[in-house]
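Position chain Y relative to chain Z; hints supplied.
As a plain string of letters, each chain reads:
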Amino acid sequence: MNIVVLVKQVPDSGAERALRADSDTVDRESATNVINEMDEYAIEEALRVREAHGGEVTVLTMGPEQAGEAIRKALSMGPDKAVHVVDDALRGSDALTTSRVLAAALGTLKPDLVLCGAESTDGRMQVMAQMLAERLGIAALTGARKLTVDGSSLTVERQTEDGYEVVTATTAAVVSVWDTINEPRYPSFKGIMAAKKKPVTTLSPADLGIAPAEVGPAGAATAVVAHAKRPPRQSGTKVSDEGDGGVKLVDFLVSEKFV
Amino acid sequence: MVVEQAGGEVKKVTLEVLTLARQFGSPAAVVLGRPGTAAALLDKLAEYGAAKVYVAESDDLEAYLVAPKAAVMASLVREVGPAAVLFGSTQEGKEIAGRLAVKLDSGLLTDVTAVAEDGTATQPVFAGSAIVTAKVTRGVPLVAVRPNSLTPVPAPAEATVSPVPVVVDESAKLARVVERVAEPKGARPELTEASIVVSGGRGVASAANFAVVEELADLLGGAVGASRAAVDSGFYPHQFQVGQTGKTVSPQLYVALGISGAIQHRAGMQTSKVIAAVNKDPEAPIFDLADFGVVGDLHRVVPQAAEEIRNRS
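First to last, the protein sequences are chains Z and Y.
My numbering puts the first residue of the first sequence at 1, with every later residue one more than the last.
My numbering puts the first residue of the second sequence at 1001, with every later residue one more than the last.
Hints were generated in silico from the structure; no laboratory data involved.
Note that beta-carbon positions come from the ideal geometry of N, C-alpha and C, so glycine has one too.
Be aware that a few hints might be false.
What the hints assert, rightly or not - Below are the SDA-like pairs computed for lysine to any residue, each with C-alpha atoms no more than 20 Å apart in a straight line:
1. 1247(Y) <-> 14(Z)
2. 1103(Y) <-> 1076(Y)
3. 1185(Y) <-> 165(Z)
4. 1135(Y) <-> 91(Z)
5. 1273(Y) <-> 1189(Y)
6. 190(Z) <-> 56(Z)
7. 1103(Y) <-> 214(Z)
8. 1273(Y) <-> 251(Z)
9. 1173(Y) <-> 136(Z)
10. 238(Z) <-> 1262(Y)
11. 238(Z) <-> 1260(Y)
Claimed, not checked - Heads up, incomplete: computed chain Z residues facing chain Y, CB under 7 Å, no partners named:
12. 96
13. 112
14. 125
15. 127
16. 179
17. 222
18. 230
19. 237
Only chain Z is shown next, with the shape it has when bound in the complex (with noise of 0.2 Å):
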């Protein structure tokens, strides 16, 4: 099974993250970057179905070049090879030119099985699966929890509200996962040394047919006007329990008219 797996460089949501002063885009360069933690359980996913059914597995990345280093940190688990595509023109593309740039860039790869995080820990609107399936044609998966590929039936089991829903599609199709859909392996030793000799291969958008001017700002179809930090929230009162703090909390919520 051919398979690719999304991964997106995201600044660490553990970390202190902002946007840049100077152009409405995520400041990617005083960040601590990190892989999209959502994706690592994609990544884990996708050696799963390689180890129970043969194939291989490519990471697809759209980035700056420093998310060069989510690639190989990427392949350090266990991928075969990886598509970077990479152009400053890039910066500041909306979902919807994403979404545009990496669905060529699948028709290049031609996949049975696409892979990805449910939503990124940045951007999160959570709508990439359903995009790359509308430009492609195929099905999308949303939000599994658990994956069962049998033959070119895949089977997904996802979360909703009100309780879980099974749904099933043939190959091929993109599959977007949570992270409750397994525990994604730490890179060994041998994985980290062996992942500096795999392949990357890098693209452009003109290597894609889309021209510089369709990405980015100028391509997007929504603009950010204005960003601020937001105030800190103030810390409030904060009392000791002296045997009365549930009577104290109670009469907080009393004042403030929740009871």
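This is chain Y only, laid out in the frame that chain Z set:
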């Protein structure tokens, strides 16, 4: 705007979106579901100001994931030419909107908490640590509104019902739903829609102890949430997880019990209106956010609070 319903009732986020839409004119609501879905929803939609209700009903809309709904929306939008299309910023709302954005080559903004008169939208980003204002610059603006961003206000209208033909081609029938399993959720409100959320963290210390969290939630009429640490420890199911890899909530009151307040958790609750916390560590970062904090053992403080609420009511 797209109507979301669950169990034959209009979802609260839909009423919020209707309330928002009324700022800009008389909104039309779109019901997408199996035959017979709309009948139970019309009164509520009219009560909240839907001037028109487009009704698209077909088994095809329920038998597959969102693609058929997006297909119906695309043809409706092309026919009617609305000023904008609004959705609830829920998983389904965003997924329909994502497909629609591609079909219509239109800009999509998600997690919007307010829309100004000129159409610019406010979005909290990075765990609510920054606020972005953004606009759609191409196509029909597609705007997904985060639940609990505003209070739904009734404004009765005569909802004219207009049936919409459902034509779904095979390309939208690729992701088939073969089974839907409802898990009993009891009488508690849905987590992202609840006005009050009471969450437990690692400090709750066991699955059995979550009864303490549930008791307080029930006394306050709230939903129960859990931190990632509590979920990873197996204390509470994943669908109740609040934070970076779980749900984002923005209730009137958020009560954090035994939650330290790691940045990943704050990502999911930082925009709550009022925050109260109980934690035995006086240095826990949750206290930096809390309007009211109790430094103490939640296993003593919370049962006492529950008893006190019972006594006062």
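List, from low to high, the hint numbers that the structure doesn't satisfy.
Structure breaks hint 13 only.
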